[in-house]
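Peer 1: Protein chains in written order, with my numbering: chain A, 1 to 156; chain B, 157 to 446.
Calculated from the structure, these hints are not laboratory results.
All the pointers check out, no bait thrown in.
Facing chain A, according to a computed beta carbon distance under 10 Å, are these residues of chain B, among others: (1) F160; (2) P232; (3) G258.
DSSO-like mimics (lysine-lysine), calculated; alpha carbons at most 27 Å apart, straight line: (4) B:K210 <-> A:K4; (5) A:K3 <-> B:K209; (6) A:K4 <-> B:K209.
Stretch by stretch, here's where chain A covers chain B in the computed footprint (C-beta under 8 Å, at least three residues): (7) 191 to 198; (8) 259 to 271; (9) 339 to 351.
Where is the CB? At the ideal position from N, CA and C, for every residue including glycine.
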Amino acid sequence: MSKKVHVQTNINGEAVDFLCEPRNSLLEVLRDELDLTGAKEGCNNGNCGACNVVMDGRLVNSCCVLGVEADGCEITTIEGIGAAANLHPLQQKFLEHAALQCGICTPGFIVSAKALLDSNPNPSEDEVRYWLAGNLCRCTGYDKIVRAVLDARNGA
Amino acid sequence: MHAFDYATPESVADAVVMLSDPGKNACVLAGGTDLIVQLRENRRRTDLVVDVKKIAELNALSCDAATGLTIGAAVPCYRIYGDGQIAAAYPGLMDAARLVGGTGIQGRASLGGNLCNASPAGDTIPPMIVLGGEAEIAGPDGTRKVAVEDFCTAPGRTVLADGEFLVSLHFPAPAPNSGAYYRRFIPRNEMDIAVVGVGASVVLSGDKSSFVSARIAVGAVAPTPLFVSAAGEALAGEPVSDETIQRAADIARDAARPISDMRGTAEYRKHLTSVLTRRVVQGAVQRAKE
Ligand SMILES: Cc1cc2nc3c(=O)[nH]c(=O)nc-3n(C[C@H](O)[C@H](O)[C@H](O)COP(=O)(O)OP(=O)(O)OC[C@H]3O[C@@H](n4cnc5c(N)ncnc54)[C@H](O)[C@@H]3O)c2cc1C
Ligand code: FES
Ligand code: FES
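Produce the entire structure from the sequences given, and follow the hints as far as they go.
Peer 2: Here is the structure:
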């Protein structure tokens, strides 16, 4: 086992320090060290987007980032988007459009869709589909998800 | 994942020292979209991960009408296509930068990592070859330059010697009346590994009726991305026509040495090489005319 490294980050607006081994992915740190279990482990190899978070303004697959790489970075996870009593418009639209079934892909979709709307408030359907190409859903199918995102445009 | 140490050198010289340590089996980390998965799946072992993203030269991105384009080896795809000037001047490179993985992967994945990973199907490699890309390498004996078409030597292997790493990629300024294009064939719309990929760049005569020169490179049909110089040479001096373009496509097809695997048989890949080469040269011509 190699020595643990002290990492300083800002997560969802709060300064967060943690210790991790270099081999720990950011996803492992979020879930296992920091108890932020909203980001999911689907594939652990970059293909499904269930682990997506925003790091210094860019959407990333947190399973393909080392925890130590997050030193000095600002991170937004699903926990930083909306609250039970005050849903983000995307979350509201996912409910209205029934854009989830088991829900394991949903945090990744919301984080990814929010990153899209933050950079492009009025995307076309094609732009939504391409942007979300790295998010996989095994149960809902994509039409409801895409419609929910389109319906959240400008409202977000 | 097995345990390893992690370092973030801030200069090329410091990175060379770390990578040259004979007691350590060190490896370079750029975006990590290949490396982290390979380490996790035990396809690769290392004692020390050298993260090169804190080195200024590896993050450089500059474009100049006279001297051309320099891309630091660790610059992620989104920064490249996000730069309007670069996107307009090098559309052939954008075709590939926009299709590596999904949005999250493009937030990290670099052209340098794509090249150093040396997959026969690496999507950015054929367009870098046809654009005359040059790799700047640093190592214990100083720096050297290698043409991108000579960089990969076998699947997963490159010309990089012990202690060497890729610093940047350089592309000459586009010639007048030139155009480039990259396309791959995959059975899905996005997020897949190329069954065949083809890049082409062309320079046309002032009246756009004939080829002055052309470069064609193919991916996923040989142990490395393949520069098919004969295909481009067959176009030089010839009129822009379906016949001349088909001749180049036939040469590219004959140069392909594909294997059969779950993505397609060798015969299918050869056929695709011809079809894609024709379409990609036509696409490059179209861009040269715009
Ligand atoms: C879900 C998913 C989808 C993908 N889709 C595609 C795709 O469509 N097309 C495609 O071509 N690839 C694809 N890839 C593969 C990968 O994203 C690309 O190859 C990417 O460009 C690698 O860049 P990186 O910066 O992440 O490299 P890293 O993973 O950091 O490094 C890759 C390799 O190169 C070495 N290396 C990196 N930088 C240097 C350097 N400066 N000097 C020396 N060695 C170096 C590393 O040690 C490692 O061996 C995909 C990967 C995933 C996980
Ligand atoms: S768990 Fe990270 S992309 Fe699937
Ligand atoms: S709702 Fe189950 S995977 Fe998407």
